[in-house]
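Trainee: Here is what each chain is made of, one letter per residue.
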Amino acid sequence: MKKYTLAILLCGVIANAGNFSPSMQGYIETLKSEAKQADSSFVDFNAKRGEKIFTTKHIGKSDDSISCTSCHGSNLTKNGQNPTTNKIIKPLGPSVNKSRLTDIKEVQKWLRRNFKDVYNREGTALEKGDVLYYIQSK
Amino acid sequence: MYKKIIIPLILISGVYADDDRWGNRNDVAPVKNAIYIKECGSCHFAYQPGLLPQRSWTKMMGNLENHFDSDASLDDATTKYLANYLKANSAEKGIEYKRSRKILQSIRPNEVPLRITQTRYFINKHDEIPKKMIIQKEVGSLANCTVCHTTANKGNYSERAIKIPNYGAWKDD
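Protein sequence lines, in the order shown, are assigned to chains H and G.
Going by the working numbering, the first sequence opens with residue 11, and the numbers climb by one from there.
Going by the working numbering, the second sequence opens with residue 727, and the numbers climb by one from there.
Calculated directly from the structure, the hints in this document are not laboratory data.
Heads up, a few of these hints could be off.
[Claimed, not checked] Stretch-level coverage of chain H by chain G, calculated; a stretch enters the list once three of its residues show a Cβ under 8 Å from a Cβ in chain G: (1) 83-97; (2) 116-124.
[Said to hold, decoys possible] Over 10 Å on every C-beta distance to chain H, these chain G residues come out as not near it, computed from the model: (3) 768; (4) 795; (5) 797; (6) 798; (7) 813; (8) 819; (9) 822; (10) 827; (11) 858; (12) 867; (13) 873; (14) 885; (15) 897.
It should be emphasised that the depicted structure is a prediction, and the values quoted were computed from it without experimental measurement.
Cβ coordinates follow ideal geometry from the N, Cα and C atoms, glycine included.
Input sequences plus hints: build the corresponding full structure.
Mentor: Structure representation (structure tokens):
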């Protein structure tokens, strides 16, 4: 019985290798259950859908047509730049910037703010999960 | 008796506070608060709190959801912490610093500026700069202090330390 549990745990760790950090995985699970609650046919988040959310332009908070790429650029392994302040934004892609998607509080803060900046509303659990899958893939 | 000793001591400590090792006086108290630098400095230069009066910071911190056309909201505890930090280090609290004092003097009592760039002192100091130097992509706007003021991070905005990208030093007539 113990061996069986260990095997499952190990599979989980292996399946998760190169994916979200353990603490972030906890946040992903929370988002999943929220997404499932909103739509019972929900299965999993999807990086392709996330990419569309990330790159689609929308009239945002500033009344300008912007997308996430307006600040982060379309290559997430490269620096971005805030077009208003010119401040350089370090790459979002965890493959080149290990600190990304590790601190849940930070992730929640930026998702809240940036969805409002681009879409003028907060993201749904489905949208947030999709975007996180997209970023994680970079 | 004590007053005679303590007052000169306070004056001396005020004069020498934050001088660098060559005795160059900082223009405004430098930012040392790591939380302020992290939270406010991620999108823009962490402007020294001494560049605006207390009432400006209070107004700004009351509406971070609409922060210059951007949502800069923070959790309640961090908002409160930073509002207190800004209050405790606003221009009024640093009148021994030249720029804090002059900015403060240039604002009418009924004004609550949210942009340092809209204070009269700032405008007077920057109104002779040709537009082409400001709108070039390396600069963007006058809010981008550090790009020309090479020692802005230390709270030093001296003319000697100005280096405008593609144009170099600046001499005010």
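Trainee: So which hints don't hold here, by number, going up?
Mentor: Hints 3, 4, 5, 6, 12 and 13 not satisfied by this model.
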